[in-house]
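Visitor: Guided by the hints, dock chain B onto chain A, whose structure is given.
First to last, the sequence lines map onto chains A and B.
If you count the first sequence from 1, position 53 lands on 53 in the working numbering, and the numbers rise without skipping.
If you count the second sequence from 1, position 69 lands on 69 in the working numbering, and the numbers rise without skipping.
Accuracy of the hints is not assured; some may be wrong.
A short, non-exhaustive set of chain A residues, derived as facing chain B with CB atoms under 8 Å [claimed, not checked]:
1. 101
2. 110
3. 156
4. 158
5. 175
Derived contacts from chain B toward chain A, CB cut-off under 7 Å, selection only [unchecked claim]:
6. 110
7. 113
8. 114
9. 117
10. 144
11. 148
12. 154
13. 158
14. 163
15. 172
16. 175
17. 176
Hints are computed from structural coordinates only; laboratory data are not their basis.
Note that beta-carbon positions come from the ideal geometry of N, C-alpha and C, so glycine has one too.
Number of protein chains: 2
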Amino acid sequence: MGNKGEKTKEKIRQAAYLLFAQKGFKAVTMTDICERTGLSRGGLYRYYSGTEQIFSEILSEEYVIADRIERQESAKTILEDMLEAIRHEIMDKELSLSLAIYEYANLGNEEFFTNINDRAKKRWINLLNYGIETKEFKAVDTEQISDLILYYYQGLRMWSRVISFDEQAAEHYVKSVRQLLFRE
Amino acid sequence: MGNKGEKTKEKIRQAAYLLFAQKGFKAVTMTDICERTGLSRGGLYRYYSGTEQIFSEILSEEYVIADRIERQESAKTILEDMLEAIRHEIMDKELSLSLAIYEYANLGNEEFFTNINDRAKKRWINLLNYGIETKEFKAVDTEQISDLILYYYQGLRMWSRVISFDEQAAEHYVKSVRQLLFRE
Numbered sequence: 001m002g003n004k005g006e007k008t009k010e011k012i013r014q015a016a017y018l019l020f021a022q023k024g025f026k027a028v029t030m031t032d033i034c035e036r037t038g039l040s041r042g043g044l045y046r047y048y049s050g051t052e053q054i055f056s057e058i059l060s061e062e063y064v065i066a067d068r069i070e071r072q073e074s075a076k077t078i079l080e081d082m083l084e085a086i087r088h089e090i091m092d093k094e095l096s097l098s099l100a101i102y103e104y105a106n107l108g109n110e111e112f113f114t115n116i117n118d119r120a121k122k123r124w125i126n127l128l129n130y131g132i133e134t135k136e137f138k139a140v141d142t143e144q145i146s147d148l149i150l151y152y153y154q155g156l157r158m159w160s161r162v163i164s165f166d167e168q169a170a171e172h173y174v175k176s177v178r179q180l181l182f183r184e
Numbered sequence: 001m002g003n004k005g006e007k008t009k010e011k012i013r014q015a016a017y018l019l020f021a022q023k024g025f026k027a028v029t030m031t032d033i034c035e036r037t038g039l040s041r042g043g044l045y046r047y048y049s050g051t052e053q054i055f056s057e058i059l060s061e062e063y064v065i066a067d068r069i070e071r072q073e074s075a076k077t078i079l080e081d082m083l084e085a086i087r088h089e090i091m092d093k094e095l096s097l098s099l100a101i102y103e104y105a106n107l108g109n110e111e112f113f114t115n116i117n118d119r120a121k122k123r124w125i126n127l128l129n130y131g132i133e134t135k136e137f138k139a140v141d142t143e144q145i146s147d148l149i150l151y152y153y154q155g156l157r158m159w160s161r162v163i164s165f166d167e168q169a170a171e172h173y174v175k176s177v178r179q180l181l182f183r184e
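Okay, chain A solo, but in the shape it has when bound (with noise of 0.2 Å):
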């Protein structure tokens, strides 16, 4: 696919977040696409066979981590970035996609969710480790801090649309991850 191509499908794929933040993943239509991103449904189905496959390719962009490990930047410049990006999306409802990932795994696709997890998680080990290689973070169990890291994160997501969060509660979770990473 040229580049045009990529281009049309990181549009669909924008427009597409925001509905499923909005609707859950259930009540959101191919024809609800196509009205946002103004494609024909014939133009839509070129790049996409369904919500599904659109849902399931948000899910998967990733941080990328292992490039900047590769480069040899530094662990704390790497975690710091990753810290302020985490910041701004829980100060962000309305992009936040509880509702739909939950929908979406009510319809069984728990092996999905899986992988997404395994592959969040090795992520974070892996700067981890990188990090207390370089002797930036403190020698920490890094299964057990890269599971706090998560589903602190995702718990923080899923009552950020529930319940008005001032800016204290994501203030709390990079301070938090500070503490348990860097020495004094």
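Guide: Using the frame of chain A, we list chain B on its own:
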């Protein structure tokens, strides 16, 4: 209301809890609850005006901490008991109310959840302050650590419905909370 009335209400809440965990909030009807409890419609409505009232009472049930602090039990013992209860809850995906909470929140009950959340937070802050006073806990930022305890737990509860956990996810939670609070 007499002792028998309280027992019947308890029975209704238990039956309803299982239904909410299974089906979410919206799909559960008073008829479902009649069937599960064996009560007549008249019998059920004598105690509760609708599913909303039952759900809100279930969510308001609380771990009793204040009494134990009053009796000057060890903060460490109280904490360990709570962690043990939480560990069981995390592993029991059938009992997760996350989806029901989500649905109920989307019906516009933000204030209700803000109250529940505030109360839960206050309860944890009280326990943490008490343990810091008795020198059983480290002098942590109690707001920060109670956020972690609450939202990390919620993330685990939500994901326990999405993927299968092994015992480890709950272990990691307990281990992290202990490390944050206990002196080595």
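Visitor: Each hint needs a verdict: does it hold in this structure or not?
Guide: These are the hints, each one checked on the structure:
1. Checking residue 101/A against chain B: minimum C-beta separation of about 6 Å stays under 8 Å; hint holds.
2. Interface restraint check for residue 110/A: the shortest CB-CB distance to chain B comes to about 6 Å, inside 8 Å, so the restraint holds.
3. Of the supplied interface hints, the one on residue 156/A holds, with its beta-carbon coming within about 5 Å of a beta-carbon of chain B, less than 8 Å.
4. Checking residue 158/A against chain B: minimum C-beta separation of about 5 Å stays under 8 Å; hint holds.
5. Evaluation of the residue 175/A hint against chain B yields a held restraint, the C-beta minimum of about 6 Å falling below 8 Å.
6. Hint on residue 110/B holds. Least Cβ distance to chain A is approximately 6 Å, under the 7 Å limit.
7. With a cut of 7 Å, the hint placing residue 113/B at the interface with chain A holds, because the nearest CB-to-CB distance is about 5 Å.
8. Because the closest C-beta pair between residue 114/B and chain A is about 5 Å apart, less than 7 Å, the hint holds.
9. Given hint, residue 117/B at the interface with chain A, holds; its Cβ is 6 Å from that chain's nearest Cβ, closer than 7 Å.
10. The restraint placing residue 144/B at the interface with chain A holds, with a minimum CB-CB distance near 4 Å, inside the 7 Å limit.
11. The interface hint given for residue 148/B holds, since its Cβ lies 5 Å from the closest Cβ of chain A, which is under the 7 Å cut-off.
12. Taking 7 Å as the C-beta contact cut-off toward chain A, the hint placing residue 154/B at the interface holds, the least distance being around 4 Å.
13. A hinted interface residue such as residue 158/B counts as satisfied when its beta carbon comes closer than 7 Å to some beta carbon of chain A; here the least separation is about 5 Å, so the hint holds.
14. With a least beta-carbon distance of about 5 Å to chain A, the hint placing residue 163/B at the interface is held under the 7 Å criterion.
15. At about 4 Å, the closest approach between the beta carbon of residue 172/B and any beta carbon in chain A falls short of 7 Å, and the interface hint on this residue holds.
16. Against a cut-off of 7 Å between C-beta atoms, the interface hint on residue 175/B holds, since the closest Cβ of chain A lies about 6 Å away.
17. The beta carbon of residue 176/B comes within 5 Å of a beta carbon in chain A, closer than 7 Å, and the hint placing it at the interface holds.
Against the hints set out earlier in the document, no violation occurs for any number.
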